[in-house]
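From first to last, the protein sequence lines stand for chains Z and S. Mapping to numbering that gives the first Met the number 0: the first sequence position 41 is 40, numbers consecutive. Mapping to numbering that gives the first Met the number 0: the second sequence position 424 is 423, numbers consecutive.
Think of the hints as simulated: they come from the structure by calculation, not from any bench. Ideal placement from N, C-alpha and C gives every residue a C-beta, glycine not left out. Watch out, some of these pointers could steer you wrong.
[What the hints assert, rightly or not] Over 10 Å on every C-beta distance to chain S, these chain Z residues come out as not near it, computed from the model:
no.: 1; residue: Gly64
no.: 2; residue: Gly126
no.: 3; residue: His154
no.: 4; residue: Ala242
[Unchecked claim] Subject to a maximum C-alpha distance of 35 Å in a straight line, what follows is the list of computed DSBU-like cross-link-like pairs (lysine-lysine):
no.: 5; chain 1: Z; residue 1: Lys372; chain 2: Z; residue 2: Lys123
no.: 6; chain 1: Z; residue 1: Lys191; chain 2: S; residue 2: Lys328
no.: 7; chain 1: S; residue 1: Lys191; chain 2: Z; residue 2: Lys191
no.: 8; chain 1: Z; residue 1: Lys24; chain 2: Z; residue 2: Lys191
no.: 9; chain 1: S; residue 1: Lys58; chain 2: Z; residue 2: Lys327
no.: 10; chain 1: S; residue 1: Lys58; chain 2: S; residue 2: Lys36
no.: 11; chain 1: Z; residue 1: Lys328; chain 2: S; residue 2: Lys191
no.: 12; chain 1: S; residue 1: Lys327; chain 2: Z; residue 2: Lys191
There are 2 protein chains.
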Amino acid sequence: MHPHVAQLLEFLRFPSISTDSNHDKSVADCANWLGEKLRRIGLDTTVHPTAGHPIVVAKNAHRAGRSTVLIYGHYDVQPVDPLELWTTPPFEPRIENDIVFARGATDNKGQILAHILGVEETIKRAGDLPVNLTFLIEGEEEVGSQNLEPFLAAHRDELRCDIIAVSDTGMVARGVPTFTYGLRGIAAMELKITGPSTDLHSGIFGGAIANPALMLARLLTTLHDADGRVTVAGFYDNVQPLADWERAAWSKLPLGDGEILQLTGAPAVFGETGYTSTERTWARPTAELNGIGGGYQGQGTKTVLPKEAFAKLTFRLVPDQKPADVLKKVGAHLRANCPPSVRLEIAEGHSGEPYVTDPNSAAGLAARRALQKTFGSEPALIREGGSIPIVQTFRHLLGADTLLLGLALPDCRAHAPNENFPLENFHAGIGLNEALLGELAGLK
Amino acid sequence: MHPHVAQLLEFLRFPSISTDSNHDKSVADCANWLGEKLRRIGLDTTVHPTAGHPIVVAKNAHRAGRSTVLIYGHYDVQPVDPLELWTTPPFEPRIENDIVFARGATDNKGQILAHILGVEETIKRAGDLPVNLTFLIEGEEEVGSQNLEPFLAAHRDELRCDIIAVSDTGMVARGVPTFTYGLRGIAAMELKITGPSTDLHSGIFGGAIANPALMLARLLTTLHDADGRVTVAGFYDNVQPLADWERAAWSKLPLGDGEILQLTGAPAVFGETGYTSTERTWARPTAELNGIGGGYQGQGTKTVLPKEAFAKLTFRLVPDQKPADVLKKVGAHLRANCPPSVRLEIAEGHSGEPYVTDPNSAAGLAARRALQKTFGSEPALIREGGSIPIVQTFRHLLGADTLLLGLALPDCRAHAPNENFPLENFHAGIGLNEALLGELAGLK
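Extracted from the complex, chain Z is given alone in its bound form (with noise of 0.2 Å):
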């Protein structure tokens, strides 16, 4: 084996679940196997304790006069459920036809541990890199990045930089290089509905008390009309229309119906009228339905009229919505169209602004002549559906705007059972790194 791809299969052994307090040690590893390595290659490393999961910042020695890069990535991981939909354990990496699958292969541990082996590569070969490099690897992206923030406030001399480049979205299809120079936002939210004080028996009250379930089934359904298209009031207020260029350019690339339904087995494609799917996700706001429960959720039957339900919700945002005022307006969306007979309890999640930049700037042109260099072809421009909210959070607060160069394919299955990385992005993404520092080293 390959040792990149040794080094790849460790990484991935540790279960770095950010959103479950169960495995907050296994987190903790895993930021101090990655502080480790740092440190081997010669980079001056620290592991950061926070609030939550620790930040690891690893540098080369920075030098006046030569452009400074900050590589942003992240070493936590979704959650694995459904577990018995995995072919093989989340955490124990198998490699098949020259892929690898694991929870993280893709989202982010590949891609950023491609990056950390290209500087060691560079290192290695030319004694230094050509530019002033910063690793910032965190460990709650998952969860909504919510301790970066105020890291990012409190060393912001020690993070400056004249531009970020991330790994963290996907190529629109396997060998095409890609640039993406937009990303959605998110703004997630949890509702309970809550009627009797105890689960009742559903033939003695059936019939005479609110079932808290099938209200909360009837105020979902008021967040959408029949197409998709999202009716709280205000919701589009904000939304930027897409420039001609941009459905041109989309509509030659190769992510057609046909590739959506293949991609997800989906009996059909749905969603607003007027756009086509890669618009819907790409440049399209949502409000999306991560999770539903309520009453009996085991085998066989359980008449009972459940006390509550729950669900829990993400909005999609694309510029100019800002999460505050979509929550606020949901908020009082579901507010007013909640029955009398059950209570409604909101709880407000984690938020991250949408963010677009210019893919003509002199730093995007860069990047698009590394994609090129790399993948021997033109990149592709597209915005992707996902959020990285901090791309925003770095503009704002070190002023240097993000170029996001994904090698995640589309059926990596990010997020999903069976997570995978094929070894040929892998290693795709380690030459990628040296072009990069390249380019980027000649804008100064």
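Following the hints, position chain S against chain Z.
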């Protein structure tokens, strides 16, 4: 501790949950304990194996010229979840203020054991009973009694009787003897909505693929109008209207909206317009959501678009609705309303017909006299919202009507955490058995 109470606690310690195959051994142990008890009091007892859980039959020596009475009950219980809402463990019975708390205390172990102990007392005192008696006690009442019907058909001669008595219903209030002359039927159905072949990243695909959990919510919402009236075409076709004397009698019972709100803790009553709460629960059918689930169920946020979601439904039926007809109509409604962007799977569950008998028949009057004798006041005449589907099967297969002489109080929490049964009612049940067999002896 009174020896009767000690025996009740012993009976309650078996976790005889019939719906969960992990408890099969406990269900069998409970049946054998019951068999031993019935043998010890001198009854000819057999614990019959079935394709499911055992059926216990016990008889005194039957003699020509006497009334033959069959007393039916069940030793299986409902599941216990949510376990964390129990003050003490559900199978470690606790007595507080002369009330016993345990799963099955009311439904049905406390009530059937009272009959058994009543028979034991009478035999001890008089040497025999005034009637030919058969106990028929099953272990699948909470899962639809699916093996009882073939058992009745196969043992029809052995189980021949003039009248059946069951204590598995409620009293309208403490100290108010209650004769139940009607029950709702039931029909169960489980739905699954599926979409993509795996959970998807809600950022990458959200907006372009229908969300199965949201589509399930939308589909469930089509089952009722805003007031809770079922909107399935033909659902009310065979519903018999309430008689004037019933509405008049029920309006005088101490069971108004105030009592229902106090019992349930719900913020408001809710239901079909034009009916009181007792009318809604006793004489009007329902479509109830017993459980719903899909997507992320854990702590925090997981940004998935879930691959599937399920709903467990039961329909409470009133004369003359037929379960198969209702399930067919509901199935057609759901298929017609399911969006084409997802797939719908329907699994029909157990069912039982609604029941009504004449409270002024000779046996009905005998039962009412026994209740009056035991409690010292005129019994209330009611229907009940719950279902004992086997009552209708008794009528079909044994040709006998059933007297429902329940001892459960409205706050017994049957099917819910902290189920309980007052010892006062337990002891009354022992006395009621003697009075009832005496009255029924007089019918022949």
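### Query
Which of the numbered hints above does this structure break?
9
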